[in-house]
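Chains as they are written, first to last, in the numbering used here: chain W, 34 to 462; chain X, 413 to 664; chain F, 106 to 420.
Hints in this document: simulated from the structure, not taken from any laboratory.
Please note: incorrect hints may appear among the correct ones.
[Stated by the list, open to error] Distance condition first, Cα-Cα at most 20 Å in a straight line; then the derived EDC-like pairs of lysine to aspartate or glutamate:
id, chain 1, residue 1, chain 2, residue 2
1, F, Lys390, W, Asp197
2, W, Lys156, X, Glu486
3, W, Lys121, W, Glu246
4, X, Lys605, X, Glu637
5, F, Lys412, X, Glu566
6, X, Lys525, W, Glu187
7, F, Lys412, W, Glu287
8, W, Lys121, F, Asp385
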Amino acid sequence: MITENRIPKSGKGQMMKRYGVWVAASLLVVILPQIFDSGFAVTMMSEMCIAIIFALSYNMLLGQGGMLSFGHAVFYGFGGFIAIHAIKLVNDGASVIPLELIPLVGGVAGFLFALLLGYISTKKAGTTFALISLGLVELVVACVLLFPSFFGGEEGVSADRMLDYSITGFGFGSGIEVFYLIAFWMVIATALMYLQTQTPLGRMANAVRDNPERAPFVGYDIHLVRFFQFSLSGFFAGIAGGLLAINYEIVNSEMIGAIASGNVLLMTYIGGVGHFFGPILGAVLFTFLHLTLVNITQAGQIYLGVLFIAIILWAPNGMAGIIMVHQPIWRAGKIKRLLPSYLAALGAGLVTFFGAMIFVEINYHLSLSIEPDKPMQLLGVEFQANGWIPWLLAIALMVAGYFMLRPLIRKIGRKWDELTQEMQEGGIA
Amino acid sequence: MTNEIALNLVDVNKRFGETEIIRGVDLAVKTGERHAIIGPNGAGKSTVFNLISGYYPLTKGKIELNGQEINGLEPFQINRLGLCRSFQVTNLFAKMSVFENVRCALMWSTGYKYSFWHLMGRQKKLNEKAEELIEQINMTHRSRIPVGELSYAEQRALEIGITIAGGADVILLDEPTAGMSHSETEQAVELMKFVSEGKTLIVVEHDMGVVFDLADRISVLVYGEIIATDTPDNIRNNKAVQEAYLGAEEEV
Amino acid sequence: MEFYVISLLNSLVFGMLLFMLSSGLTLIFGMMGVLNFAHASFYMVGAYFGYQISAMIGFWPALVIAPVLVGVLGAAIERYGLRTVHKHGHVAELLFTFGVAFMIEELILLIWGRVAMNYQVPASLDFTIFTLFESDFPVYRLFMLTISVVMFVALYLLLTKTRTGIIIQAALTHADGVGMLGHNVPRVFMLVFGGGSALAGLAGVIGGNYLVTSPSMAILLGPIVFVVIVVGGMGSLTGALIASLLIAALQTFAVGYDYSLVDLLAVFNIELGAEPWFPDLWRIKIESTGPLLPYLLMVIMLIFRPKGIMGERES
Numbered sequence: 034m035i036t037e038n039r040i041p042k043s044g045k046g047q048m049m050k051r052y053g054v055w056v057a058a059s060l061l062v063v064i065l066p067q068i069f070d071s072g073f074a075v076t077m078m079s080e081m082c083i084a085i086i087f088a089l090s091y092n093m094l095l096g097q098g099g100m101l102s103f104g105h106a107v108f109y110g111f112g113g114f115i116a117i118h119a120i121k122l123v124n125d126g127a128s129v130i131p132l133e134l135i136p137l138v139g140g141v142a143g144f145l146f147a148l149l150l151g152y153i154s155t156k157k158a159g160t161t162f163a164l165i166s167l168g169l170v171e172l173v174v175a176c177v178l179l180f181p182s183f184f185g186g187e188e189g190v191s192a193d194r195m196l197d198y199s200i201t202g203f204g205f206g207s208g209i210e211v212f213y214l215i216a217f218w219m220v221i222a223t224a225l226m227y228l229q230t231q232t233p234l235g236r237m238a239n240a241v242r243d244n245p246e247r248a249p250f251v252g253y254d255i256h257l258v259r260f261f262q263f264s265l266s267g268f269f270a271g272i273a274g275g276l277l278a279i280n281y282e283i284v285n286s287e288m289i290g291a292i293a294s295g296n297v298l299l300m301t302y303i304g305g306v307g308h309f310f311g312p313i314l315g316a317v318l319f320t321f322l323h324l325t326l327v328n329i330t331q332a333g334q335i336y337l338g339v340l341f342i343a344i345i346l347w348a349p350n351g352m353a354g355i356i357m358v359h360q361p362i363w364r365a366g367k368i369k370r371l372l373p374s375y376l377a378a379l380g381a382g383l384v385t386f387f388g389a390m391i392f393v394e395i396n397y398h399l400s401l402s403i404e405p406d407k408p409m410q411l412l413g414v415e416f417q418a419n420g421w422i423p424w425l426l427a428i429a430l431m432v433a434g435y436f437m438l439r440p441l442i443r444k445i446g447r448k449w450d451e452l453t454q455e456m457q458e459g460g461i462a
Numbered sequence: 413m414t415n416e417i418a419l420n421l422v423d424v425n426k427r428f429g430e431t432e433i434i435r436g437v438d439l440a441v442k443t444g445e446r447h448a449i450i451g452p453n454g455a456g457k458s459t460v461f462n463l464i465s466g467y468y469p470l471t472k473g474k475i476e477l478n479g480q481e482i483n484g485l486e487p488f489q490i491n492r493l494g495l496c497r498s499f500q501v502t503n504l505f506a507k508m509s510v511f512e513n514v515r516c517a518l519m520w521s522t523g524y525k526y527s528f529w530h531l532m533g534r535q536k537k538l539n540e541k542a543e544e545l546i547e548q549i550n551m552t553h554r555s556r557i558p559v560g561e562l563s564y565a566e567q568r569a570l571e572i573g574i575t576i577a578g579g580a581d582v583i584l585l586d587e588p589t590a591g592m593s594h595s596e597t598e599q600a601v602e603l604m605k606f607v608s609e610g611k612t613l614i615v616v617e618h619d620m621g622v623v624f625d626l627a628d629r630i631s632v633l634v635y636g637e638i639i640a641t642d643t644p645d646n647i648r649n650n651k652a653v654q655e656a657y658l659g660a661e662e663e664v
Numbered sequence: 106m107e108f109y110v111i112s113l114l115n116s117l118v119f120g121m122l123l124f125m126l127s128s129g130l131t132l133i134f135g136m137m138g139v140l141n142f143a144h145a146s147f148y149m150v151g152a153y154f155g156y157q158i159s160a161m162i163g164f165w166p167a168l169v170i171a172p173v174l175v176g177v178l179g180a181a182i183e184r185y186g187l188r189t190v191h192k193h194g195h196v197a198e199l200l201f202t203f204g205v206a207f208m209i210e211e212l213i214l215l216i217w218g219r220v221a222m223n224y225q226v227p228a229s230l231d232f233t234i235f236t237l238f239e240s241d242f243p244v245y246r247l248f249m250l251t252i253s254v255v256m257f258v259a260l261y262l263l264l265t266k267t268r269t270g271i272i273i274q275a276a277l278t279h280a281d282g283v284g285m286l287g288h289n290v291p292r293v294f295m296l297v298f299g300g301g302s303a304l305a306g307l308a309g310v311i312g313g314n315y316l317v318t319s320p321s322m323a324i325l326l327g328p329i330v331f332v333v334i335v336v337g338g339m340g341s342l343t344g345a346l347i348a349s350l351l352i353a354a355l356q357t358f359a360v361g362y363d364y365s366l367v368d369l370l371a372v373f374n375i376e377l378g379a380e381p382w383f384p385d386l387w388r389i390k391i392e393s394t395g396p397l398l399p400y401l402l403m404v405i406m407l408i409f410r411p412k413g414i415m416g417e418r419e420s
């Protein structure tokens, strides 16, 4: 990640540039639920905001610090559990925390938990760190059933978010009011995490990521750098957990385990770890797919897995990386030259995808549905899964798509070479 | 050059498994001195640097920095006590710009420590100091370029820059002119003289021109032992050195 | 007395199974620096292949064919996937194998469904070999033990006595040097990855009918195997052996103890009040801590001896 920090120049233009993005994002967040106001849409947007905070907190570890963790959800979940217990305390009259501050309670909980686990976690780096994180999340999950009064056993812990005392005066009974609370914290958390990248700790975390050998020789204890970065990321994960508690009014062990940890890894990586906004993209996309695919297909996980592997193999900088790679071409005004070959490749890709989709769905129907002999539905068409026509169609489409795609991808490569050469000659690249 | 000892190696031994690499090195570098370490390839020069800077543990012996024992300390602790080193293979923060690299190298010594509440853009003094240092290594016109795009000589210059940024008194440079052309080497030597003004400099070098231009004293390391430590003229005439180290003047 | 002997024997069996899994992983890691997150998934694939082939041809052919198939799968994944990712660094490699693990689980769900497979111990091995005190010790466990010991010895001989083995050992620390000597290092990598995977597959074939064969096998056993190699010391086979046996023993013995801290206090005639602070902690019985223990051991190791039992200090 090329993170050049420009020394701020003064002037109206610079102000607009620096704050414009934040203002626009805040406006967007205010307007969106007014446009998409169905219950489903508002729930999805709330989930997206929570996922954004969670993914950005995760990227403090992975993208910023070079630490791959398989157990980040322990701070998310712990923040959530503490938050829900705090709400319960208010329900029982034992405390007077307003709902608006509950996410902060979650954040502090996440921070303290990360301090506790972080010192030994960050003693090692790289692969060993990843394994330690896995061991720790399994440790926590193993504790869940042993401490039923805190974790609530199998059902989890629930509470009522409509509290008597509120700072803003909202009751937070309706989805939209909850969304605005969540969105408010999302904007704050995102801003704070962005600013953190511009601090000495944030910079050294980058440096330690890039060259852990050199960092001690500029005076830094790399263990402490990683430890502090780890703890801060736990803070923000805890905020996300607190918002989760508010959103669903229940927290259970699913939110603290390996699957939730795996999910945040997936969404952050797919979004792109090398740019600050990457995890935001990933979180939005992932939440969207998660909530919509579940209604369409049982094979959602497979598509997600294929997407993940495709990104690792061919686009390791994720969606953000793909976008940013086009930035110089966009600036040079030559983006239109790429469009025809992109569209053609997209078409061929879709053909292949349809074939694969049919293949996967048929198999899912045959293995996992309750009555595999009954006809199945796909995109509105009903057919028998065990007939030979759908199989043939699926395989034919995949093969045809593949053979169409290969030359088209080569063509895209040639177009890129052409354009880069032009721009180099023009002195742009 | 005073008579105080800045860096003292006493009977330093290093063994890797069964192989002895450094066999009883004694070396006393005086404060303010410019000291060169030369020797044939494989003699263990980089290993000596790694031992001094805490990168490897000693098998035997001790190392003192300004009178204080530093063997067994972590590299960052040794760095904070006032010793810095450059690397033979350029070792920069690859994804950052020149300016970012220099600024990172300045952060600890300017007291920022692990702060997550200072915004880098607003730290006037730090940013000015960074610009100053970049000016000193003649890279102002390239300061916003990502280091991956620098030429080799520029990277080596930056390597020296971030090495000395922290203001350490004892500077170790590991083959700083390796791979440079004649004019690049001249510039590098000027830079080295400039940055080591009033400080103690220890250089590992192969380029004899650089060594004889720069050094107050030279130590010759052969097969893990120092066979001679003396002024350049005496070293030039030393029979044992001539025998062991057949390469005479290396004109690059 | 009975409890100790039986538990010891069972620990041995489980421990050797863990070792079969962790040894392949250690080899791959020590050799290529890449941690194969999908290693436990290969174990699962081995179990499923073992089940399928047993159902079609019989257990004994399955014992040979299934691991080979898994090995081929592993080699293919290395050749066509891992090799591309190699240039992006260890983190990317780990992520890739994580993706592979993810996909394997989904594919298994796709092909065989969610329900556990009825993978039985073959009739020829389904009798009691001896009776200790009052418990019957099935011969299948002896069989498992035998296979794992044979595998260990074969591995040891392969690595130290054969030419291939010595090349592998050299490539372990000096891949470039070995390459310059004319050996096809990528091919060696592929062989090691495939070989390690085949070992995991073998463990699956014999473990799948001892434990349960279900799509959650990998998730249940995987993290424990990783703890084994962290506790044993990354890259050390001996360490993996010791850690495997230790962890197996911990889990097996824990199940037999019905005591909690309340009972411990009772020994000193201390009684807890009606509403003690943090009630759960006092009532936990040792027997329920089984799943917890490997990870607790890992944490303790990290605090007091981070390099593991036999680990090397990282330079």
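Okay, the hints, checked on the actual structure:
1. F:Lys390 with W:Asp197: Status violated; Cα separation ~41 Å.
2. W:Lys156 with X:Glu486: Satisfied, since the Cα-Cα distance of roughly 14 Å is no more than 20 Å.
3. W:Lys121 with W:Glu246: violated, 48 Å
4. X:Lys605 with X:Glu637: Violated, because 28 Å separates the two Cα atoms, which is more than 20 Å.
5. F:Lys412 with X:Glu566: Status violated; Cα separation ~39 Å.
6. X:Lys525 with W:Glu187: With a Cα-Cα distance of about 45 Å, the restraint between Lys525 (chain X) and Glu187 (chain W) is violated, given a limit of 20 Å.
7. F:Lys412 with W:Glu287: With a Cα-Cα distance of about 32 Å, the restraint between Lys412 (chain F) and Glu287 (chain W) is violated, given a limit of 20 Å.
8. W:Lys121 with F:Asp385: holds, 19 Å
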